[in-house]
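J.: Below are the chains, spelled out letter by letter.
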Amino acid sequence: MKFCTVKQYFDDENNNNVTNGIATTVIPLPNKHLKIKANNKEMEQYEQELLRNVMPQELTKLILAANYLNFKEALDFFCRTVANAIQNKSVDYVRKFFGLESDFEPGEEEKLCKEFAWSFEGVDED
Amino acid sequence: MEKDGVEEAFDRFSNLPVPIIHHIMSFLPTTKDVTRVAVLSKTLNSVCHSYPILDFDQRSWKKIMGFDSFLDFMQKSLQQRRESNIDIEIFKLCVIDHDGKSDQRIDESICFAIEHNVKRLDLRFGDYWIRSRYKVYGQLYTLPKTVTTKSIVVLNLVGLAFKFEDLIPSLNLVEHLSIELCSVSSNFTISSSKLKTLKLQNCKGLKTIVVDAVNLQYFSHSTFTSSSEISIRDCKSLKNVMLDNTAITDDWLKNHLSKLLLLETLILESCKILGEVDICHQKLKHLALLNCDKLVKAKIEAPNLVSFYFYNKSRFPVITLQCSSQLYADLILVGISPTNDEQFMNFKNFLGSFGHCKSLSLTLPDMELSLLEELRNGLRSPLLSLKHLRIQLFSSSRSLPELLDILLCLSPYLETMCITSKYKENFVEFQNKATLVEEEDSDFQWHYCWRHHLRKVIIDKFEVKLLRE
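From first to last, the protein sequence lines stand for chains A and B. Going letter by letter, the first sequence gives residues 1 to 126 in full-length UniProt numbering. Going letter by letter, the second sequence gives residues 1 to 469 in full-length UniProt numbering.
Read the hints as simulated data drawn from the structure, not as lab findings. Treat the hints with care, as some may be off.
Some, not all, of what chain A presents toward chain B, calculated at C-beta under 10 Å [unchecked claim]:
| no. | residue |
| --- | --- |
| 1 | Tyr46 |
| 2 | Phe97 |
| 3 | Phe104 |
C-beta: ideal position from N, C-alpha, C; glycine also.
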């Protein structure tokens, strides 16, 4: 049920969506989840470890892999990790985190910042 | 090769499918975080505008802008979305400073959500805690009549005024319905195969409730003035029923229990008409009879009952309990102080009904402890089978050894005992002799001092009592 897509993937050799590296991280997850399902603290530790070892760019690849494999728990896990990483952080930090470049016109960005000035209060400057 | 790999990875975030970016955003804890995503880049800005969850909570904006500016801000945000025309999944609105008069901006926002096929609609008007606590309705906001939709699955309404006749036709797909602190029409009749949860709490003007929902699992009702008639007999899948200050009779209860065969939890609080209750149910797991003042007698036959909660200020009802030996009973006995022999006998019998429970938790003011003392002084021990006892005292003027003496006389075969008072918690574990001394003469058994049976006493977290607190 969960792994019907996985089976398809292994059957289809010319698959570019999921590279081998990702597969080794994503697929052991259900076993890990089952083992530490009851223990929340362990999950947090595991999440921290995973986050340390994985670069943000990798994280987006992992998300896509989990999505392709139709693996809801892994998808939720990775998305939550991304959300935790960017919550309450400044715009510059988040841009650096994802390697984004601002494509706004110079005036536009200023206008937006002014409009949403209240959302920048109390933010962590990294 | 490597260079390409790095560049490709760089803008991967913006190229994630939009639903996935929305999924990530749904894990962001505050609206501020969600709004900041819009400032990251042009692509993300438009992704934000199609984010299907809208949460306008005046309380979080109170420090930043006043009531009027908040409504303007909401109106503007919705206008920006009109172009994208994406369906909304969740729309939450919480307003606390309104004065009861209709506001076009609020009405428009509700209509906007409905036009965009909202699945979950949460409308909260007024300060919930103050209204609940002081039992007042305050200024209620009139729900616009144009709330006609067939897409809503979850609906939560607090602090509104409306007629059920206007609302119920839109509730075909609703699975979870909660209406609280609203002013409504007197008759609530619903027939739905989708309804799973129904909460009707403290609605002004509600008199009759008739629910025909075969898949309903959870039903709760409470009212400030107890004058509602309820019929939920046809809801055969009900598992949890909670009634607070509801005017149900003994017959109503018997009647309903015989039809609700899947019931697992039943909580009856302040049901002031119940006098003699007869609860006979195979599947019932949790039962609470709280503050049912007129309760005189309760016959409970529930082989699967796991926990029983009781609270009464005025009297000790006569309880006949036929349950498994795994039962945990929680008795809060406050305000009842027997002044004559008859009342004392009632108390003894009451306590005795729980003798075959596995564990018992008693909450007593110190005065009640003197009753237990009297029991020790001359009567048979009523709790011979009790293995785990937990006592919560309001005042702790007794020393631990004194308490232990009283309680062990009451239930000599205890394995664990936990005594909690306002400041301290003492946990004692007893290891009794492995074989129980069987006496044919039952009177003799009682005269065995509890000290004879104890092999070892382990006292955990024992704290020396302070002379002054």
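J.: Could you tell me which of the numbered hints above are not met by this structure, giving the numbers in increasing order?
T.: 1
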